[in-house]
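Use these hints to put chain B onto chain A, whose structure you have.
Residue numbers (the numbering used here), protein chains in the order written: chain A, 879 to 1511; chain B, 879 to 1511.
No lab work stands behind these hints: they were computed from the structure. Hints should not be assumed to be uniformly reliable.
[What the hints assert, rightly or not] 30 Å max Cα-Cα, derived DSS-like pairs, lysine-lysine: (1) A:Lys1095 / B:Lys1470; (2) A:Lys1104 / A:Lys994; (3) B:Lys1411 / A:Lys1411; (4) A:Lys1511 / B:Lys1411.
[Said to hold, decoys possible] To spell it out: a stretch of chain B is covered by chain A in this simulated footprint if at least three of its residues, at any positions, have a beta carbon under 8 Å from a beta carbon of chain A; those stretches are: (5) 964-973; (6) 1001-1010; (7) 1205-1215; (8) 1353-1360.
[Unchecked claim] Residues from chain B that keep clear of chain A, each with C-beta distances beyond 12 Å, as calculated: (9) Lys997; (10) Arg1348; (11) Arg1499.
From the three backbone atoms N, C-alpha and C, an ideal C-beta is built for every residue, glycine too.
Protein chains: 2
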Amino acid sequence: MSFFPDARILDIDLTKEQVTVKSLPGEIYRLYPGGSALGLYLILNEMEAGVDPLSSENMLVFSVAPLTGLPISGTSRVVVTTKSPLTGTIGDSQAGGFFPADLKGNGYDAVVFKGKAQKPVYLYIDGDKAELKSAEHIWGKVTGDAEKIIRDEIGTDRLEIAQIGPGGENLVKYACIINMCNRANGRNGTGAVMGSKNLKALVVKKAKHLSAYNKEKFSELTTNIKERMAQSPAAEGMREHGTDGDLLGFHEAGFLPTKNWTTGFFPEGAKNITGATMTETILVDRDTCYACAINCKRVVEIPEKVDPLYGGPEYETCAAIGSYCGVTSLETIAIANQLCNMYGLDTISCGGTIAFAMECYEKGIITQEDTGGLELNFGNSEVIPILISQIANRQGFGDLLAEGSARVAQKLGGEALELCIAVKGQELPAHMPQLKPAVGVIYAVNPFGADHQSSEHDTFLVMPADSQERRWLAQIGTWKGYDDPFQIDDDKVRFAFDSQCFFSILDTLCLCQFVWGPCWELYGPSDLVDLCKNGIGWETSLFELMRAGERRINMMRYFNSREGFTKADDKLPERIFRPLPDGPSKGVYLDKEKFTKALDTYYEFAGWDVETGNPTPATLRKLGLGWLIDKDK
Amino acid sequence: MSFFPDARILDIDLTKEQVTVKSLPGEIYRLYPGGSALGLYLILNEMEAGVDPLSSENMLVFSVAPLTGLPISGTSRVVVTTKSPLTGTIGDSQAGGFFPADLKGNGYDAVVFKGKAQKPVYLYIDGDKAELKSAEHIWGKVTGDAEKIIRDEIGTDRLEIAQIGPGGENLVKYACIINMCNRANGRNGTGAVMGSKNLKALVVKKAKHLSAYNKEKFSELTTNIKERMAQSPAAEGMREHGTDGDLLGFHEAGFLPTKNWTTGFFPEGAKNITGATMTETILVDRDTCYACAINCKRVVEIPEKVDPLYGGPEYETCAAIGSYCGVTSLETIAIANQLCNMYGLDTISCGGTIAFAMECYEKGIITQEDTGGLELNFGNSEVIPILISQIANRQGFGDLLAEGSARVAQKLGGEALELCIAVKGQELPAHMPQLKPAVGVIYAVNPFGADHQSSEHDTFLVMPADSQERRWLAQIGTWKGYDDPFQIDDDKVRFAFDSQCFFSILDTLCLCQFVWGPCWELYGPSDLVDLCKNGIGWETSLFELMRAGERRINMMRYFNSREGFTKADDKLPERIFRPLPDGPSKGVYLDKEKFTKALDTYYEFAGWDVETGNPTPATLRKLGLGWLIDKDK
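With the rest of the complex left out, here is chain A (with noise of 0.2 Å):
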């Protein structure tokens, strides 16, 4: 092969039901090798500042990258990126399956929407024939039912489907997109801009995957994956117990978020809701991605309620149904999960804004006249399926709660706009910025709203220098270790942003995080390289990595900074700042001087002004994004 592969893109007009090929250079494609990097590339190119992101002048890409389908663990991810309407600022969003490994096998790198279908549509791709065809009959379906039409008409089951549910028809905010019926690209609203421009689906048929460039060298990388996870607790156990198998851990330690981020103390439902107990009662298979040997993917089911066809629920979603709600009850959260995956809603946000709403209803913001008779006590399991219902069909109370907690917070006014946990109009994610001030510094940075999966977290810092996840992180520029992960100094920040770096060109490649992370034990940076060079011949180095991970950092903030965004919107809930009330963690809260601090210190390194928190024109140069400031002039 070439230097770098060239892109090819898949360029479709909805308005005019134009569907084109475009070409992309590789030594373009090198810079925005994938994910969201190439998104922006496309969206930052032809996309003006402030439209309504319901609006037809949005842009929706769908991007994968050129490794997208090796025959490795952790290739098969697919990034959308468009203007989202939950925070108006940039949105990206990352889902597994493989749809992404036959999205690239069809031989496209990204597909992008622009304007707005006059009736319901779904994009059907099979090689190089791509159509759009009518989605009427299908609209209003649940994603199981639509994908089962779908897949009639076709006449195939040899096909991937990547759908919205009601919930992105009905514009939710925090509405998703759902593939195989129970992956999401849960975060930032994504579906609901399919919804607005009257987009059902994507629909790819199976296709030949890639194959690697040196077979014998990339057999090396994947032949010895079972000693590697077998030497990997972590990686072990995240087959074991999925990713919910820390849950329990987390409420012991005491930074389990509970009753709306409260307390981080869930004596009376943690145990219940832990990935070891979902093995021990509703588990009844483990599903995986494309070519992936982790198997990290729950399958529940609970007869007559609970079908295996919509997955089962991961550590964000039994604490964001569970913890956040107060809610004890697996079999709720089984529930919860399904009917988010048939509604295409994200759990996260659907969690943790029921989750506020409870706080104000205790604390009489929120009145049962409000909410139409439901009772929203913490804990009320019976209301979380109704709730639901209503918000992704917009009935009821829910219509309001499809707004999401930071609209609400706003509409309510007073009191409610401290309890609302959310940053950029996202709701935080299930880990605690008082226990990891460096995730905290993330959530609040973050261009697309509070991410978890956006650096790696400070409690691998308390691990010996000589472990493997140590040894990983100093090949990221991270070389200090601590003896617990509350600190917050220089090294932290820098940690902060290096991991940060790193995490963004696993996006950007469209990598799994949980395989390629380097705190899973399975694969390392180093590893990431000989990936590149023997999977598809790239003769890259992790300097080259890191950089394109910042460089899309940076078009991101970019993006953010046209749309009026400054440091003013990286701040965290007040709450984090309060000392916590019970359990083990009993008084522990983030400093806020040291954490203001620390903001400061993280634009500094991240070559940002300080005033404006964006990145300054010489970063953008040194990025190769002087582009931007000329197309901007």
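Using the frame of chain A, we list chain B on its own:
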């Protein structure tokens, strides 16, 4: 081995004649992994600002690196770090040979000299035994004679000796340190610092060298070196004609600095003094450093006149003594080279200073009265050996020239100031910024004065995108190619800075740029990562290495800022900005306005204050150098 090896440091107080062995923990050494990075770490920790370079307060550090002496080409180099008496900045000077591998083989990563011996001494190292011995009987001897006496005295030829000659003893500002009688820590006047300390030599007994951590994988790097060389005309050319192989080509392009840089065209002499002519006439052998397959070193002989013991001239020597001075005689150059190696003088500064004096003489600024009757016309070969001897012995007119061109120009004042071709008082090496603007930027900003081996050269960027050079440059951040080398834009400045960081880590790890530089097609950046891993078990990345390189550059600039240096000292001679008068380069000049803008861009990209040119506190902290700010607060 562990995470990273500890550094073993020999700490010598010459005043008290105390020899102490110290250890620097691996977790610190990893951040300053050898060369002048290690030297600066020690100096910045222990030495105050403002010391006289030739006083006992100055520290002098010889250092190698964890990789030094591995059985592979290009790993035997030693760096000397001290405050330079020539420039007043940090001084950094590198040399090859066998001395470096043997110093490391004796178990030391660095030897630090402090204070001043009461009488001349030399240090003798034989494993754990390290002692100061009297050098009174060899003080005043030229290198070849001193080496013989030391060998006889210790009673073995199995020694490596790094020493000064009369040049260093007499505190010539550009005195160098010579090992093997023909390898030089050439620049920055480090030999004068030795002389000021009454330190004649470091003598190390031959020792068992480092063996590879992973022999099997390591051999994958070494076994194909002959193939690599055969595939690389550049590397093969280095063997065939040495560094002087390109001289004729520079002349033919019009970029061979000639007659004190008044022209780039040397029709009357270029062919006489180019490498091919040397090969055909006086070359009797090719020499090598420890374990190196290249054989770039020349050995020349002229019966009764030039002894092979003193090696043969490099390109820089042929240019500085030859074209700079208008000297067309290869014999004169060979004699001058021998004299410089006997007396211990840097050939570049020596030639540059004589050339400067010659132009002053031709312009009447200096007269025969000043020179003691010598006729200093360009092209007068006869005066060259006379002047070199006078300089080394500080006799006659040579006593003035021993101060270097910048100090002479200051003394003469007026027009002479414009004829001085130096940056920060160090004479320019023979690569013209008119052809290579990125090299010009580095000449200007390099912390220890004009240097041609601190970054990659613009001329490689005109090669095809899929050439080995360009593929390797892409690994260190340079993706853009050019139709010609003259252009200067953001991408070129990024190339200057990134390649400077890469060359900085090569210098830190004490690796030869002719082997490990990206443009000699032998080993590239990705091989360097493999070298660290399989050579010593250091699982690093190019990200970590590039940052360590950047850290060293910032430590140097920080050192300089303590000494009062600023952006105002980062300036090229005005002559560079004026059109060349004749030959193929007629009319070519470096655009001053563009160049000045490029300098500002460089400071921005480096994270330095654009007003002062010094590293900002944020940049220092990002690089893990916050301790410097705290220390000097």
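Okay, the hints, checked on the actual structure:
1. A:Lys1095 / B:Lys1470: violated, 50 Å
2. A:Lys1104 / A:Lys994: violated, 47 Å
3. B:Lys1411 / A:Lys1411: holds, 17 Å
4. A:Lys1511 / B:Lys1411: With a Cα-Cα distance of about 47 Å, the restraint between Lys1511 (chain A) and Lys1411 (chain B) is violated, given a limit of 30 Å.
5. 964-973: violated (count 0)
6. 1001-1010: violated (count 0)
7. 1205-1215: Violated, because only 0 residues of the stretch 1205-1215 of chain B bring their Cβ atoms closer than 8 Å to Cβ atoms of chain A.
8. 1353-1360: Answer holds; 4 residues pass the 8 Å Cβ test.
9. Lys997: Lys997 (chain B) is indeed farther than 12 Å from all Cβ atoms of chain A, at 44 Å.
10. Arg1348: For Arg1348 (chain B), whose nearest Cβ neighbour in chain A is about 8 Å away, the distance does not exceed 12 Å, so it is violated.
11. Arg1499: Violated: least Cβ distance 5 Å, not greater than 12 Å.
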